[in-house]
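Trainee: Position chain B relative to chain A; hints supplied.
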Amino acid sequence: MSTEQHAGTSLNAVLQAGQRAMTPRPSNMDWLTPVRERGAASVAEMPLPSRKDEAWRYTSVGFLEQAEYQPLVEGPFDAIQLSDIDDLLLPQSQGLRLVFVNGYLATAVSDLAHQQDGIQVRSLAGGLGDVSVDLRRHLDAIAEHRHVFAALNSALMSDGALIHVDRDIVSRAPIEILHISVGMEQPGISHPRHLIVLESGARAEITERYACLGDARYFNNALVEVALGADSELLHTRLQEESPQSQHLSDLQVRLAERSRYRLVMAALGGAWSRSDVRVSFDGEGAEAELDGLMLARDQQLNDIHLDVQHKSAHCTSRETFKGILDGKGRVVFDGRIVVAEDAQKTDAQLSNDNLMLSRSSEVDTKPQLEIYADDVKCSHGTTVGELDANMMFYLRSRGIPHARAKQMLCQGFAEEVMAHIDNEPLRAYANKLLTARLAQTTE
Amino acid sequence: MTPTAKQMDDLVDKGYEHGFVTDIETEIIPPGLSEDVIRFISSKKNEPAWVLDYRLQAFTHWQTMTPPRWASVDHPPIDHQAISYFAAPKRKPELNSLDEVDPELLRTYEKLGIPIEEQKALAGVAVDAVFDSVSVATTFRQNLADAGVIFCSISEAAQEYPDLLRQYLGSVVPHTDNYYAALNAAVFTDGTFVYLPKGVRCPMELSTYFRINAQNTGQFERTLIIAEEGSHVSYLEGCTAPQRDENQLHAAVVELIAMQDAQIKYSTVQNWYPGDEEGKGGIYNFVTKRGDCRGDRSKISWTQVETGSAITWKYPSCILRGDDSVGEFYSVAVTKGRQQADTGTKMIHVGRNTTSTIVSKGISAGKGQQAYRGLVRMAQRAENARNHTQCDSLLIGDRCAAHTFPYIEVKNPTAKVEHEATTSKIGEDQLFYCRSRGLSEEDAVSLIVNGFCKEIFNELPMEFAVEAQKLLAISLEGAVG
Numbered sequence: 001m002s003t004e005q006h007a008g009t010s011l012n013a014v015l016q017a018g019q020r021a022m023t024p025r026p027s028n029m030d031w032l033t034p035v036r037e038r039g040a041a042s043v044a045e046m047p048l049p050s051r052k053d054e055a056w057r058y059t060s061v062g063f064l065e066q067a068e069y070q071p072l073v074e075g076p077f078d079a080i081q082l083s084d085i086d087d088l089l090l091p092q093s094q095g096l097r098l099v100f101v102n103g104y105l106a107t108a109v110s111d112l113a114h115q116q117d118g119i120q121v122r123s124l125a126g127g128l129g130d131v132s133v134d135l136r137r138h139l140d141a142i143a144e145h146r147h148v149f150a151a152l153n154s155a156l157m158s159d160g161a162l163i164h165v166d167r168d169i170v171s172r173a174p175i176e177i178l179h180i181s182v183g184m185e186q187p188g189i190s191h192p193r194h195l196i197v198l199e200s201g202a203r204a205e206i207t208e209r210y211a212c213l214g215d216a217r218y219f220n221n222a223l224v225e226v227a228l229g230a231d232s233e234l235l236h237t238r239l240q241e242e243s244p245q246s247q248h249l250s251d252l253q254v255r256l257a258e259r260s261r262y263r264l265v266m267a268a269l270g271g272a273w274s275r276s277d278v279r280v281s282f283d284g285e286g287a288e289a290e291l292d293g294l295m296l297a298r299d300q301q302l303n304d305i306h307l308d309v310q311h312k313s314a315h316c317t318s319r320e321t322f323k324g325i326l327d328g329k330g331r332v333v334f335d336g337r338i339v340v341a342e343d344a345q346k347t348d349a350q351l352s353n354d355n356l357m358l359s360r361s362s363e364v365d366t367k368p369q370l371e372i373y374a375d376d377v378k379c380s381h382g383t384t385v386g387e388l389d390a391n392m393m394f395y396l397r398s399r400g401i402p403h404a405r406a407k408q409m410l411c412q413g414f415a416e417e418v419m420a421h422i423d424n425e426p427l428r429a430y431a432n433k434l435l436t437a438r439l440a441q442t443t444e
Numbered sequence: 445m446t447p448t449a450k451q452m453d454d455l456v457d458k459g460y461e462h463g464f465v466t467d468i469e470t471e472i473i474p475p476g477l478s479e480d481v482i483r484f485i486s487s488k489k490n491e492p493a494w495v496l497d498y499r500l501q502a503f504t505h506w507q508t509m510t511p512p513r514w515a516s517v518d519h520p521p522i523d524h525q526a527i528s529y530f531a532a533p534k535r536k537p538e539l540n541s542l543d544e545v546d547p548e549l550l551r552t553y554e555k556l557g558i559p560i561e562e563q564k565a566l567a568g569v570a571v572d573a574v575f576d577s578v579s580v581a582t583t584f585r586q587n588l589a590d591a592g593v594i595f596c597s598i599s600e601a602a603q604e605y606p607d608l609l610r611q612y613l614g615s616v617v618p619h620t621d622n623y624y625a626a627l628n629a630a631v632f633t634d635g636t637f638v639y640l641p642k643g644v645r646c647p648m649e650l651s652t653y654f655r656i657n658a659q660n661t662g663q664f665e666r667t668l669i670i671a672e673e674g675s676h677v678s679y680l681e682g683c684t685a686p687q688r689d690e691n692q693l694h695a696a697v698v699e700l701i702a703m704q705d706a707q708i709k710y711s712t713v714q715n716w717y718p719g720d721e722e723g724k725g726g727i728y729n730f731v732t733k734r735g736d737c738r739g740d741r742s743k744i745s746w747t748q749v750e751t752g753s754a755i756t757w758k759y760p761s762c763i764l765r766g767d768d769s770v771g772e773f774y775s776v777a778v779t780k781g782r783q784q785a786d787t788g789t790k791m792i793h794v795g796r797n798t799t800s801t802i803v804s805k806g807i808s809a810g811k812g813q814q815a816y817r818g819l820v821r822m823a824q825r826a827e828n829a830r831n832h833t834q835c836d837s838l839l840i841g842d843r844c845a846a847h848t849f850p851y852i853e854v855k856n857p858t859a860k861v862e863h864e865a866t867t868s869k870i871g872e873d874q875l876f877y878c879r880s881r882g883l884s885e886e887d888a889v890s891l892i893v894n895g896f897c898k899e900i901f902n903e904l905p906m907e908f909a910v911e912a913q914k915l916l917a918i919s920l921e922g923a924v925g
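Chains as they are written, first to last, in the numbering used here: chain A, 1 to 444; chain B, 445 to 925.
Keep in mind that the hints were calculated from the coordinates and are not lab data. Be aware that one or more of the hints could be misleading.
[To be verified] Pairwise CB distance ranges, derived in the manner of DEER restraints: (1) Met409(A) with Thr620(B): 46 to 54 angstroms; (2) Gln525(B) with Ala55(A): 34 to 42 angstroms; (3) His519(B) with Asp134(A): 42 to 50 angstroms; (4) Gly871(B) with Trp31(A): 38 to 46 angstroms; (5) Gln66(A) with Pro512(B): 29 to 37 angstroms; (6) Asp215(A) with Gln824(B): 26 to 34 angstroms; (7) Pro512(B) with Ala420(A): 43 to 51 angstroms; (8) Arg319(A) with Pro512(B): 33 to 41 angstroms; (9) Ser60(A) with Ala526(B): 36 to 44 angstroms; (10) Asp84(A) with Gln824(B): 38 to 46 angstroms; (11) Gly871(B) with Arg399(A): 24 to 32 angstroms; (12) Glu54(A) with Asp590(B): 51 to 59 angstroms; (13) Glu144(A) with Gln834(B): 42 to 50 angstroms; (14) His519(B) with Arg38(A): 30 to 38 angstroms.
Built from N, CA and C at the ideal position, the CB exists for glycine as well.
With the rest of the complex left out, here is chain A:
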């Protein structure tokens, strides 16, 4: 990495600057030191992904050369009031809300009133009290550093939610994690890190959002670890509504114990450059995962989702439904990998990826993959790429609906298959509103 001495961002420089900013560390974060050291060692060893790497074939990290990203340090964000983020808040929210501003917990705008027995909610930086051993042992034990950015996150993780749900506890309301990025003079890089652990039989719902105030320019490099115990169930909704100037990289790694259920709905709508890596590992038999995602790529946007579904155990089921909408010079990259290991008999895995191209200069690169080492399995994937159906358009137009509106309706119909899976009603309404607004911008 010594080759990137020229203008731009060197991850080693980011690492060093970040490490300098962290000393002296608060003593209640000492337990993190081995994790950080491991991460830092990996950063030094791992190369920056290039287009020659199969997983980065269609996704260049060239933006790092365009600006010098500075690690964001904890700033005095007390100035941010609830009224500033009013537009971003969900109505009738009954649960906990953890708001992170530029990667650091902002207690002033968080809602910590709805605590529930059996659910431990802490922050990585220690702002919400001591982190239990139950949580500590999971951190960085779930995720693999699959690229240098994940290692960088481990080395420099700023703050984040650590959530532990005890045996057989059912959370009463969704727990909301809201990231807000605020523009700084220099483009910043932040490293949010979350850990969600459900013990056996627990049930919880978590909402994870990445939003911004104004047209901030920043790079969010997030890593989320999820561990589900036997028979537990997690509903996980992710909404990426980053600023049009920003880069968003999130690595979500999930481990499923026997008979657990994981449901993920993700909508990636914002960012100039956005990539989500989702890895789901079936560690126990009989687990189920249902993953749905929507990617919107408008002018000059790149939206990339990389799925890596590891069927390691028998009798597991997974369903993946991912959809892309493209306009302007938007680009969607989809990589859906399903691996069925030798002993994972009776696996049932079905993946679909559909893409809708609205413009002449957009581009879709999609690569569903099946890697199967067992024989008694049912696996399939399907991919389509196409434009709006002329007949449908004609139907709407013949009923007096203007072209732009008709186009929007069809796009929303296309997205609905994913959006309808958001169980949380206020969130679904919010996400749909956001999608409508962004689609309206595209069809102008």
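Mentor: Just chain B now, with coordinates in the frame of chain A:
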């Protein structure tokens, strides 16, 4: 070189139907690859200077390249210095009729079930039998010549049609294309050259039986088919090889060029020696096949039945340059024992209203490893282009593997791309149905597998379809249970 009768018996006993070594004196140069070897090959074949230049240029480039590693196949590195790059039957006959062919050779063909005389009369097929590297028997040449079709070996083309060869050689697969194509360009020994003039419909199916014979000899075939405006040709290729203990490298290059309204149909049945149960021996089949639909409304169709080889690495592709041109890829691949196959196709849509169809059926048994790897690219200019891809894998046995790696790149919104893939084992209920009607398990599996592949076999010319079905049944013997 000459095997003893005992060795012969042993080889035959091993059960590979076509595994025997023909006792023919072979002129062979010592193993190794250098400029001198290339000059030797070139002078041996009496080639024009530009061919030698082309070879040397390719060799220079090849030396700068590294073997590809992205395929999901696993083999020890190939020592290119341990391969002998030229082997020709010593008595190179100038033949007028089959009577002059070495009787030993003819017996070999009979063992393979290719009675040339009978085929001549029966099927109306002209056979250019490539024995090792030099063509020894060519039939129906006159009939074809009357129609204006040129059908000869590449070496002959270099002598007799140097202008045509020079114009088209390497124009679809340049010598810089990939590691094995570069190697082939440097050392290709022989192959087939077909030229169809404007408007000519080839009066018969053209076919070549390739057969690797001499030990330690890699086979570097080069096939070039040019179909001028409005012409039409169907070409069949089938392969068998004797049993070997050392892995043999086969790195062929096939180039097809279809001008306006021309059609080329290229069918392959490949059953080279796959190695023994432990994966010892067997052919490495690293082939570059590409068709270029240069003219409007042209069509190139690839059909392949791949049952042999220890390792197959092969992606017959179509570049759909002309408007309304059509590309097709139909494939059945069987891997069992320790066979590995990484195969698929590339459909590059450049012209308007181009369409392509991909149907790939993979059958993986025993410890077989198989991957479909394909690319469908819709360029920005490919208005209303259309692709449909279907990849199905059938798994037999719990230690086999089947992978699907499709790449889809779309830059035009009017293009429509559909890709479907499924992987499953033979349904218990299907088996039960057949068994309950008195079929043995093996017959039941054979029936189901043949049904699974029917779509592809339908694309093969009749004689090949019969052979392919037999081949599939033989391949899957003992794979069940």
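Trainee: Work down the list of hints and note, for each, if the structure agrees.
Mentor: Here is how each hint holds up against the structure:
no., hint, in the structure
1, Met409(A) with Thr620(B): 46 to 54 angstroms, "holds, 50 angstroms"
2, Gln525(B) with Ala55(A): 34 to 42 angstroms, "holds, 35 angstroms"
3, His519(B) with Asp134(A): 42 to 50 angstroms, "holds, 48 angstroms"
4, Gly871(B) with Trp31(A): 38 to 46 angstroms, "violated, 53 angstroms"
5, Gln66(A) with Pro512(B): 29 to 37 angstroms, "holds, 33 angstroms"
6, Asp215(A) with Gln824(B): 26 to 34 angstroms, "holds, 31 angstroms"
7, Pro512(B) with Ala420(A): 43 to 51 angstroms, "holds, 44 angstroms"
8, Arg319(A) with Pro512(B): 33 to 41 angstroms, "holds, 35 angstroms"
9, Ser60(A) with Ala526(B): 36 to 44 angstroms, "holds, 41 angstroms"
10, Asp84(A) with Gln824(B): 38 to 46 angstroms, "holds, 44 angstroms"
11, Gly871(B) with Arg399(A): 24 to 32 angstroms, "violated, 46 angstroms"
12, Glu54(A) with Asp590(B): 51 to 59 angstroms, "holds, 53 angstroms"
13, Glu144(A) with Gln834(B): 42 to 50 angstroms, "violated, 34 angstroms"
14, His519(B) with Arg38(A): 30 to 38 angstroms, "holds, 36 angstroms"
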